[in-house]
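Residue numbers (this note's numbering), protein chains in the order written: chain A, 1 to 121; chain B, 1001 to 1728; chain C, 2001 to 2170.
It is worth saying that the hints were derived from the structure and are not from the lab.
Even for Gly, the Cβ is constructed at its ideal location relative to N, Cα and C.
Heads up, some of the hints might be wrong.
Part of the chain C face toward chain B, derived, beta carbon under 10 Å [to be verified]:
no.	residue
1	2061
2	2110
3	2111
With the C-beta cut set under 10 Å, the calculated list includes, among others, these residues of chain B facing chain C [unchecked claim]:
no.	residue
4	1088
5	1089
6	1092
7	1096
8	1487
9	1649
10	1653
11	1683
12	1687
13	1696
14	1701
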Amino acid sequence: MAKTILAVDDSASIRQMVAFTLKGAGYEVIQAVDGQDALDKANTHKVNLVLTDINMPRMDGLQLLELLRQLSHYKTIPILMLTTESGNEIKAKGRAAGATGWLVKPFDPKRLLEVIGKVIG
Amino acid sequence: MSTDLEQFYEIFFEESSELLADMETCLLRLDVNSPDLEDLNAIFRAAHSIKGGAGTFGFTDMTEMTHMLETLLDKLRKGELEVRSEMVDAFLRAGDIIKGQLAGHRGEGQADPAAAAAVCEELKRLSDETQVSAKENLVSNAKSELMPIEQEVGEIAEMATSSPAEVASGLTYCIEFSSAGINSAAMENLFANLQQLGRLEKVVSTDEKEFCKFKLTTSKSEEDIWETLAFVVDPAKLKIELDLPVRSEINASEAQTLISNVTATASSVGEAESAAANISSEPGYGFFPGAPAAPKNLDGSDLTENSLQPKSIDNGKNDDQAVSNKSSKKASAAAPASEASSIRVSIEKVDQMINLVGELVITQAMLAQTASQFDPVVFEKLHSGMNQLERNTRDLQESVMSIRMMPISFVFSRYPRVVRDLAAKLNKRVELKTVGENTELDKGLIEKIADPLTHLVRNSLDHGIEIPEKRVAAGKSAQGTITLRAFHQGGSIIIEVSDDGAGLNRGKILAKAKERGLPVHDGMTDQEVWLLIFEAGFSTAETVTDVSGRGVGMDVVKRNIQGMGGRIDIESALGVGTRISIRLPLTLAILDGLSVAVGDQMFIVPLNYIVESLQPTAADIKTVSGHGRVVQVRGEYLPVIALHEIFNLHPNVTAVHEGILVILEAEGYKAALFVDDLIGQHQVVIKSLESNYRRVQGVSGATIMGDGKVALILDTAALVMASQQEAV
Amino acid sequence: MPHEQSKIGTIAPSNSITSHLANEFLTFRLGEEEYGIEILKVQEIRGYDSITHIANAPEFIKGVVNLRGIIVPIIDMRIKFRLGNADYDQFTVVIILNVAGRVMGIVVDGVSDVISLGTDQMRPTPGFGSVIDTEYIMGLGTVDERMLILIDIEKLMSSSDMGLIEQSIN
Chain A
1 MAKTILAVDD
11 SASIRQMVAF
21 TLKGAGYEVI
31 QAVDGQDALD
41 KANTHKVNLV
51 LTDINMPRMD
61 GLQLLELLRQ
71 LSHYKTIPIL
81 MLTTESGNEI
91 KAKGRAAGAT
101 GWLVKPFDPK
111 RLLEVIGKVI
121 G
Chain B
1001 MSTDLEQFYE
1011 IFFEESSELL
1021 ADMETCLLRL
1031 DVNSPDLEDL
1041 NAIFRAAHSI
1051 KGGAGTFGFT
1061 DMTEMTHMLE
1071 TLLDKLRKGE
1081 LEVRSEMVDA
1091 FLRAGDIIKG
1101 QLAGHRGEGQ
1111 ADPAAAAAVC
1121 EELKRLSDET
1131 QVSAKENLVS
1141 NAKSELMPIE
1151 QEVGEIAEMA
1161 TSSPAEVASG
1171 LTYCIEFSSA
1181 GINSAAMENL
1191 FANLQQLGRL
1201 EKVVSTDEKE
1211 FCKFKLTTSK
1221 SEEDIWETLA
1231 FVVDPAKLKI
1241 ELDLPVRSEI
1251 NASEAQTLIS
1261 NVTATASSVG
1271 EAESAAANIS
1281 SEPGYGFFPG
1291 APAAPKNLDG
1301 SDLTENSLQP
1311 KSIDNGKNDD
1321 QAVSNKSSKK
1331 ASAAAPASEA
1341 SSIRVSIEKV
1351 DQMINLVGEL
1361 VITQAMLAQT
1371 ASQFDPVVFE
1381 KLHSGMNQLE
1391 RNTRDLQESV
1401 MSIRMMPISF
1411 VFSRYPRVVR
1421 DLAAKLNKRV
1431 ELKTVGENTE
1441 LDKGLIEKIA
1451 DPLTHLVRNS
1461 LDHGIEIPEK
1471 RVAAGKSAQG
1481 TITLRAFHQG
1491 GSIIIEVSDD
1501 GAGLNRGKIL
1511 AKAKERGLPV
1521 HDGMTDQEVW
1531 LLIFEAGFST
1541 AETVTDVSGR
1551 GVGMDVVKRN
1561 IQGMGGRIDI
1571 ESALGVGTRI
1581 SIRLPLTLAI
1591 LDGLSVAVGD
1601 QMFIVPLNYI
1611 VESLQPTAAD
1621 IKTVSGHGRV
1631 VQVRGEYLPV
1641 IALHEIFNLH
1651 PNVTAVHEGI
1661 LVILEAEGYK
1671 AALFVDDLIG
1681 QHQVVIKSLE
1691 SNYRRVQGVS
1701 GATIMGDGKV
1711 ALILDTAALV
1721 MASQQEAV
Chain C
2001 MPHEQSKIGT
2011 IAPSNSITSH
2021 LANEFLTFRL
2031 GEEEYGIEIL
2041 KVQEIRGYDS
2051 ITHIANAPEF
2061 IKGVVNLRGI
2071 IVPIIDMRIK
2081 FRLGNADYDQ
2091 FTVVIILNVA
2101 GRVMGIVVDG
2111 VSDVISLGTD
2121 QMRPTPGFGS
2131 VIDTEYIMGL
2141 GTVDERMLIL
2151 IDIEKLMSSS
2161 DMGLIEQSIN
């Protein structure tokens, strides 16, 4: 069965690009527009990986990370941060919140698949 | 796998345009003296989102500009710098530049790299200044203070490569362990190995036996240190933590989290072993060793990128926490989340739907006509079904039409900027008020109304509002007010532009009109006099400015508005102010019309031009030699437009008093349209004649009637104007 | 005939009749002559029904009709080319065309059939005149003993002669 990825980004263009790329590689993709939306969807879908932007309205990616890690199903699944901030500060926060890893924007579809491939194959 | 990113360009363009508009709205709303943190965050987020997209899609010019914006905004929202109005100006200019760049990428014009560079420079200067003033007490010279910013810029420029400075400096770890049971040779060996990792500094010397404490500054990760120590030291007695010299109490729990994370990594040391040795030069992503679901065979790059800088964590966390605490309540209250509750549909699809519903209305009307011939008692079910169908069809039509409706705020939102810029230019103080921004009208009209309205707003500001000294001298507040107001009235939307300025001067306008050779006389009503300002080439401005031009434009405003099926009214009082009202139909697609018959043909007369209909007596009709017929209506002599003559038709009646006169008013002139008969009032769907044919003189469009026949819609304004030319 | 044979040799390969492999044409009569138009340009064929006249239009533009919600102008080719009887009865047919992105209808004397013409059945535009200017003729087709005048309907309908489309002046 195809693995399901929850892609969270408030930018429609990035989100759709990500979804398009992932679907092309055979993944199922659920899209969410911000942390709150993602949290709602995470509760109602079985997800194998979460890919989230950090800076988003309503609920940012860090808050999402923390809240997701409190859900039993999300304790162990990979959660990747997608962020333009390549600085260590944000990475440290992400790590503290329970992120599995990070991917710096801008990225190309190839790198996205490479990273995803490393965590869920 | 190759992905054609171009397919996402359009989404990105639209999204960026919206973000820019949001950004501008927030900027204009921003009170420099007490900036709303939520606004600052929203502005930051907009710049940030655009940057992310621009980077992904390779629009580097936009990346640079948004990065500069983001840098300064980040300082503002973190409170490192105070908001000043010159920054808001710079942000607005930057927004304009990005708009230009966006248009350039869309293939709609050329971005100006020089202007972009200037704004970039300005933003940089502003964030640099901030840096200096915030750290004045450090008395370090400005040059060295500029370094971090340049570093940051460099980092963005080559985001894919890791910053060499970062690797060289590394992090400082505080390492503690018990040396009990370790022989001195092993200890020496251990220190030698640690020294290879970086700079080693002893904190607690050998005077305290069996306890070692030292600091290691290294570019290697915690895992490397663990790796080096774990062979010698009992892991249970080993403690490695980041050296966090300035941690405050607030951050204690945060520090604890970090420490526990680092400690947790001990279990994955073995797994990370192989990876730790090789440092990859291709970052851009990475994993946290030991984090849930992190891959087993980590690249070295992961660990390199993962080097943590304690100081920045500290500062960042502090400020950010403060920010989120303050703003969290507001954020949850506001939470518009427009995207989640709406979808994007192409306007063609909507129009197609509107057309189909239009067809449905016609079909329904045809069915109703047929059904009405059946006995309502015998065919009771048919009749009740038809009634139900009619109601449903009307409801459906209404809701479909509403899809095209948009709030006027789409237009109003651009004026705060216009007013702000212009007021500054003219040294006037003006407040812009908007009322009824949620009033809806057709998208097509929204697009068309923007330019005329801009002109009216500029005109009010330029010619209406006085300079502060004059206002004060006249006993008014130094700050003038321009009010934009929109509301529905019947089937129309009224948009008003009013100001509390000088008002129109009747004498001046009349004098000017005479000078221009316009046909005026002193007996004209005020309303007629005011409307003269919309005549071509008319301008009463004492000084010609580059703002509202040289009398060019107001006539264009009038033409545009009439072209949209609307009309203009002016009210004004000298010294008190002026109010210009634009009355527009709610939609371009539907028209309220009166159907009239001439011979076997039917025409639609738009209702908004009709004053009244009457059957004249023969005595009311006069023939003016060489100028055709006129009809006397309430003391006025109106030219008679005989539709059958204009359209070469065979009418059923040729004597005016046997037919019907429909009194029309357009552009301030009246005329009487002579037709055989009135048929009825309809709401008709406007169809273009030009899509398959050409423009026809005297006809503005066509529609399909209940019987499936095509009826032409009369171009009332053109007919009235033509009759005036004949009469003059 | 030898004269015509020599003409064939001079046809440029870009000529549209030689560039299409299989050409299907809808044939119709106008007066004494039989014409063909590319079937791809034909949207449908329908009867002549209630029409709304357009003021001050040329006589051959009969007016507009409602074709499922679209306003379509109707041109009577018989009037335009002064052929046949411009009578309208239940046998009058309108060919609805889709040319140059526009929909329009033409009234002709009668629609015959749809025929397929191979390249060998097509000849270049003859030197002699037909009622339609040679400028709008793609060539001639022969089927058994019949001769078809193949009209470049798109060119004809877009021409200023027809006045269907507003011509930008210079």
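* When the hints from earlier in the document are held up against this structure, which numbers fail? -> 2, 3, 4, 5, 6, 7, 8, 10, 11
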